[in-house]
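If you're matching them up, the sequences are chains L and F in order.
Each residue of the first sequence is one higher than the one before, starting from 1 at the first, in our numbering.
Each residue of the second sequence is one higher than the one before, starting from 1001 at the first, in our numbering.
Hints are supplied without guarantee of correctness; some may be wrong.
Just the calculated beta-carbon pair ranges, DEER-fashion [claimed, not checked]: (1) L:Glu583 - F:Asn1526: 38 to 46 Å; (2) L:Glu583 - F:Ala1421: 47 to 55 Å; (3) L:Pro555 - F:Asn1025: 32 to 40 Å; (4) F:Pro1626 - L:Ser556: 55 to 63 Å; (5) F:Asp1639 - L:Asn176: 31 to 39 Å; (6) L:Asn25 - F:Ile1488: 51 to 59 Å.
Derived by calculation from the structure, the hints in this document are not laboratory data.
Here the structure is a predicted model, which is why all the values come from computation and not from measurement.
For every residue, glycine included, the Cβ atom is placed at its ideal position computed from N, Cα and C.
Residue strings, one per chain:
Protein chains: 2
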Amino acid sequence: MLTCMSAKASVYDGSRLWLPQPVENNAAVIKAPKSSSATINVATAELRSSWTGAPVEMKLIKDKSLGRDGFIITPGKDKVTLTANSAPGLLYGAYRLLAMQTAGKSLPNEIREVPSYDLRILNHWDNLDRTIERGYSGSSIWVWDELPATISPRYKEYARANAAVGINGVVLNNVNASSSILSAGYLHKVKAIADIFRPYGIKVYLSANFAAPMQLDSLPTADPLDRQVIKWWKDKASEIYRLIPDFGGFLVKANSEGQPGPCDFDRSHAQGANMMARALKPHGGIVMWRAFVYSPADADRAKQAYIEFQPLDGQFDDNVIVQIKNGPVDFQPREPYSPLFGAMPSTDCMVEFQITQEYLGHSNHLAYLAPMWKEFFSYVNPKSIKAVAGVANVGDDTNWTGHPFAQANWYAFGRLAWNPALTGEDIADEWLSQTIFNGCNVPAEITAEVIDIMMRSREAVVDYMMPMGLHHLFAFGHHYGPEPWCAIEGGRPDWMPSYYHRADSAGIGFDRSSKGSNAIGQYPDNLAKRLDNPALCPEEFLLWFHHLPWEYQLPSGDTLWDSLCRHYERGVVETRDFQRRWEHVQPYVDPALFDDIQRRLKTQVRDAIWWKDGCLLYFQELSRLPFPDDITPPVHNLDDLKKVNLGISNFECPTADLLNRQR
Amino acid sequence: MLTCMSAKASVYDGSRLWLPQPVENNAAVIKAPKSSSATINVATAELRSSWTGAPVEMKLIKDKSLGRDGFIITPGKDKVTLTANSAPGLLYGAYRLLAMQTAGKSLPNEIREVPSYDLRILNHWDNLDRTIERGYSGSSIWVWDELPATISPRYKEYARANAAVGINGVVLNNVNASSSILSAGYLHKVKAIADIFRPYGIKVYLSANFAAPMQLDSLPTADPLDRQVIKWWKDKASEIYRLIPDFGGFLVKANSEGQPGPCDFDRSHAQGANMMARALKPHGGIVMWRAFVYSPADADRAKQAYIEFQPLDGQFDDNVIVQIKNGPVDFQPREPYSPLFGAMPSTDCMVEFQITQEYLGHSNHLAYLAPMWKEFFSYVNPKSIKAVAGVANVGDDTNWTGHPFAQANWYAFGRLAWNPALTGEDIADEWLSQTIFNGCNVPAEITAEVIDIMMRSREAVVDYMMPMGLHHLFAFGHHYGPEPWCAIEGGRPDWMPSYYHRADSAGIGFDRSSKGSNAIGQYPDNLAKRLDNPALCPEEFLLWFHHLPWEYQLPSGDTLWDSLCRHYERGVVETRDFQRRWEHVQPYVDPALFDDIQRRLKTQVRDAIWWKDGCLLYFQELSRLPFPDDITPPVHNLDDLKKVNLGISNFECPTADLLNRQR
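With the hints as constraints, model all of the structure from the sequences given.
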């Protein structure tokens, strides 16, 4: 049997990502436009190195319909013509050509692509000490201590990988921002990175701490209407742009989870954002102002971002974009879309997805997230938002992302930010052909099987973690395992799972209906009406919006309790099925990769059982109902599970050893 | 719903075993024979206390066909007549009456029972420090330190329980015997126990250390032909019988696993046994001489007892019984019967079963062993043996046996020693009605379900531990978990699992065929011929007798590898099914009992998966074959499992906590 290994020169370790592989002694004929640039040089070099097809002629044209970054590929008789309005457009076209070549796809008569968004941004939650909040793939790739003198070769590889998938902006540091990033010393380091990114069409952005003027220069206030403060930010912007003329702008987490912000000075989010935006405006920079706010107030947490931001509609300057998490709570395995989308028609809004799997099994679980993001776009018209951001899952692990399949989420994020109409299946197919199946002779049915695993994987996680609209049943702090029973004395109520599941002897679910918190009232009338009626509310959101009796009868005829049990069961069964199907892939991939995935799937199955047992046993203490007979009975004891303490922080993924020891 | 609890006065904790419950202000009319005795008094008292039916008249008669211990129950117009040749016969009849009453069974026209064996003996492997070798239910019930002054009330309860089930002999101490038990001080303690047992028709026996004359009285030798030694044993016998006139005799483990014996002095087992037998003979005592021998020799261990003992046929005195373990190796979950049975026609032989679950999951796993013992009797004619012994599973736990269902094995051993023709189902039914279902209003279908669990349980253990004739894949020392990979440098080869499974890249199994060790040649010709042909050898013994290629095709059409995988899978699936069915029992039993069993079943399922994964992953490294698609893939990693070290001794059962911590 012709295996991957017999066909491939080197072992697959994931370090190459989806980047085109250089062809030895390649004889590609590539013609670049006369008005050359660093970016065009990159495009030319990539094609020269790896393109094995007909000669390629790159041309800069003027075609408004292509937007800033679009391109056209036209295969001709004896050459392929690649045209774009801009050098980045040519670069994106070049990468598309190479991706199609790797996938073994023949070129159609014309490829015409225009990205849906001008801003396609990765948010790194990287701290300056190289820990990464909610990062599960090693340390930050930014080696601040060595910068700017020493430039890791990974910066360039990272830029290439992003450009190849259409990402054109990177926020380098955590939204829980250290002011130090804005100090002169750090800005020189940032400049070094920006210089590397520039040829790849990527702008650098920074997360800014709203209190930076106080923290860096001992100003007595950070009040956005204070003239000293305003001047401080203006001067800071000038300082940045002197070093980085194409600096992208600021991302700001303000008055959220303890971060400083304008409300500390009785100013609104709009006043704070506009002040910073005006400092950046002369230089062409923008402010991305996060709407992730929830005070420890009485109001339903899911309502708070809307309550705080919706009234500000129309008050933001035109270089401010309000960045809204996809759902109203916090990156749960499944949430309904945030009702802020569509509720601020006079404000530029962007969505913030989470690529890193904070709530989806960290680097241990296979969870392909394209279907989750597509689900968002099925509710929110892609044209109604201005830009797309994703919280990166990148670290300094050899394969960049910890779980080999987590790469596919980085890839899929970029592709969907480019074009939300792409299907999850097509993106998975693209990624597979350029990565783990690259150079392997994989039969179509095996590829289909892996795509199938990927496509079902996120729903499996939802099923074994928190189906039917349940959310935030996570262990305190690290968000890895189940802890629906978690109750920390004196803890913020809205940080406790019971705040969200509201399970008691009568039933389960958060009543957000018109009779409850009326979070439903924040949605458009038509939708709200449907959500408000438990019989019409989609099952996947049922317990998000309703508190229902354990024996409530679903339209399916099942009781709520039985259905809940069956969802958890299905999560385990699905995960086991992934494991079984993965076995079929063995002959076709690198043995170490095969083993690695096999091992992670085992952990995932064990975790799925842990989740299922923990949640069902806990809820059973309240429901006092038996498990339906078609459910595999629990193997754990609730009191044992309650003792589990992984002892990991918010930037660690539990290792197999740790999981073995602790359960 | 009328539950067990609403009908029952007290909580079920298993401490009462299957003993009849006293009825308050009972008005039973019981007529005892004139020639009273302590034993008849017990029978009378038991009936007076608990019998609620018609008056009972007990009569001593002379009827040779009833043997020593048989009885007849004849329900008449206005009384029930119970007749027997002996007081113990009446006692057994009384207990049978009470058992039938508890089970709610009406009396047929006549019950006539004659036990198949005169000797029905429990072997305690209890050490004098109260540890129990292979005991998993607490410390020894014999509190030697306090004896003879203090008499635990449990001695009498233990005697009642044994009498109620027909057991009439107890070896008090471990076969790995301390000579101290034969010292004057200890013999007084033994006498105290014997005095309590006597009214219940139970004789006391002791395990004797063959070197006792050297150890206790500094004789220079223990040579059985030495006159001083002969005299020592004669004197010791007289000393014992002065204290205990009905002392039963000695059980001897000689020249086995480091124990001293006649072979140390170049004498045969027969010479050793006869010397001791002659010391006991004047007093009516017997010697039970164990055939459990295997030297660290080249010969197949399964052959050694036969090689050593068969030539001695005819050389043993008539008060010696050779005690042979049911199988040729050592109490494995499944073994073929030992070929010594039937091979010593001129020697009295008895079978030694193991009630304690040394190799069947200790006190954590539900394994009802009646089917295993019935399987033995399907190969060995019950009439061909003289007596039956069982290694006890009794300890000082509240419920006596650790696992509540392990009581059923003690019960079933007694019942089968009484009558090997009883069915496992009937015995289970009897036991349930007198124990966990006693006083509960349990529907017939629930009883049937629990009997079904019990009847399938031992085969499930075989499937998840070592199906198809595999054996001794146990972890070194404690025999709890899997360790087919175990290899201890310098260790006795026949103590290593690889000695038994012989798995290599070519195949698996121990070639004991005529082309291999020819252990098959020790069996009768007809059977040997069938066993020798892998196509005719019963699948359950296939790898016991044959080394076969991984892809060997079974009559079923499956390959050996696939079938092995499916057996392991079935073991897990069965155990899960027990767990599921146990849920149905909840309304009918004591809640604490329900929880306890539920918890143990969880452990059993986890262990079944541990076994399956450990064995299959290990064997897969050799077979290099994929798991069939209908097998649930492993959840463990072999290297993790290889690291498991439970750190328990040969008298501990791993607790759930330990299992959680170590895996």
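Here is how each hint holds up against the structure:
Between Glu583 (chain L) and Asn1526 (chain F) the beta carbons are some 44 Å apart, a value that agrees with the proposed interval 38 to 46 Å. Between Glu583 (chain L) and Ala1421 (chain F) the CB atoms are about 48 Å apart, so this pair conforms to the stated range of 47 to 55 Å. The beta-carbon spacing between Pro555 (chain L) and Asn1025 (chain F), approximately 60 Å, falls outside the hinted interval of 32 to 40 Å. In this structure the hint that Pro1626 (chain F) and Ser556 (chain L) lie 55 to 63 Å apart at CB is violated, the actual value being about 37 Å.
Between Asp1639 (chain F) and Asn176 (chain L), the C-beta spacing of about 38 Å keeps the proposed range 31 to 39 Å intact. Checked against the hint of 51 to 59 Å, the C-beta distance between Asn25 (chain L) and Ile1488 (chain F) comes to roughly 57 Å, which is consistent with it.
Comparing the model with each numbered hint stated earlier shows that hints 3 and 4 do not hold.
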